[in-house]
Amino acid sequence: RKEVEQDPGPFNVPEGATVAFNCTYSNSASQSFFWYRQDCRKEPKLLMSVYSSGNEDGRFTAQLNRASQYISLLIRDSKLSDSATYLCVVSRENTDKLIFGTGTRLQVFP
Amino acid sequence: GAGVSQSPSNKVTEKGKDVELRCDPISGHTALYWYRQRLGQGLEFLIYFQGNSAPDKSGLPSDRFSAERTGESVSTLTIQRTQQEDSAVYLCASAPGLAGGEQFFGPGTRLTVL
Chain D
695 RKEVEQDPGP
705 FNVPEGATVA
715 FNCTYSNSAS
725 QSFFWYRQDC
735 RKEPKLLMSV
745 YSSGNEDGRF
755 TAQLNRASQY
765 ISLLIRDSKL
775 SDSATYLCVV
785 SRENTDKLIF
795 GTGTRLQVFP
Chain R
-1 GAGVSQSPSN
9 KVTEKGKDVE
19 LRCDPISGHT
29 ALYWYRQRLG
39 QGLEFLIYFQ
49 GNSAPDKSGL
59 PSDRFSAERT
69 GESVSTLTIQ
79 RTQQEDSAVY
89 LCASAPGLAG
99 GEQFFGPGTR
109 LTVL
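Protein sequences, first through last, are from chains D and R. Residue numbers 695 to 804, in our numbering, belong to the letters of the first sequence in order. Residue numbers -1 to 112, in our numbering, belong to the letters of the second sequence in order.
Hints were generated in silico from the structure; no laboratory data involved. We put the CB at the ideal spot given by N, CA and C, even for glycine. Check before you lean on any hint, since a few could be wrong.
Unchecked claim - Label pairs and their calculated CB-CB ranges: (1) D/Arg735 - R/Ser60: 42 to 50 Å; (2) R/Ser7 - D/Gly710: 15 to 23 Å; (3) D/Gly710 - R/Asp61: 47 to 55 Å; (4) D/Gly703 - R/Asp61: 33 to 41 Å; (5) R/Gln81 - D/Arg735: 21 to 29 Å.
Stated by the list, open to error - On the chain R side, residues computed to face chain D include the following (Cβ under 7 Å): (6) Gly40; (7) Gly49; (8) Phe63; (9) Glu66; (10) Pro105.
Unchecked claim - Derived list of chain D stretches under chain R, where covered just means 3 residues or more per stretch with a C-beta under 8 Å from a C-beta of chain R: (11) 711 to 724; (12) 750 to 759.
I would like the entire structure built from these sequences, with the hints used as guidance.
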């Protein structure tokens, strides 16, 4: 079993839609959680950290459920520019080594 | 300020040749990572350097792969006797070394083995 698992998609949604991605992780000792975004043929970049209480950044909301070991990302009012692959990322306790999921591909159409 | 840089940006080589890929991390970042990403696939961890600690080489796929880092600066990833399955984008990332800190990626080196 992979340490971080994501549905690869693709998720094809119209502009303005709300879309949610989930991710599960297997290592209960994981302490830090992130969503990264990777555009086609580009390097990954940090989208947002995920905090235990949940956090929001504009149209993006991230949630963490430690008991069930899953992380979610909600995107409201999707824009064409949101089209990308979204990578779920966890780190292990007391290290900065990050484990990347294989990503969920989002395609927003007009 | 300067981000992570990698060179070359593209490398085409013949099967059986050795290649060397270079990564210049952000100044002051103690952690450095190498990843491999095949076309349409996720990131595959290769190796991790943290300060003066022994590197974590657990992701290197074979003994044809090796990497070095000089102090807390430049790193080189060497692939000996390249095979066609080595064709991929090789990404380097650096981080400040704080637990749970953000990683900053370079633009990658696209390696094609003919």
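Right, here's what the structure says about each hint:
no.	hint	verdict
1	D/Arg735 - R/Ser60: 42 to 50 Å	26 Å, violated
2	R/Ser7 - D/Gly710: 15 to 23 Å	37 Å, violated
3	D/Gly710 - R/Asp61: 47 to 55 Å	52 Å, holds
4	D/Gly703 - R/Asp61: 33 to 41 Å	36 Å, holds
5	R/Gln81 - D/Arg735: 21 to 29 Å	23 Å, holds
6	Gly40	3 Å, holds
7	Gly49	11 Å, violated
8	Phe63	18 Å, violated
9	Glu66	19 Å, violated
10	Pro105	6 Å, holds
11	711 to 724	violated (count 0)
12	750 to 759	violated (count 0)
Checked against the numbered hints above, the structure violates hints 1, 2, 7, 8, 9, 11, 12; every other hint is satisfied.
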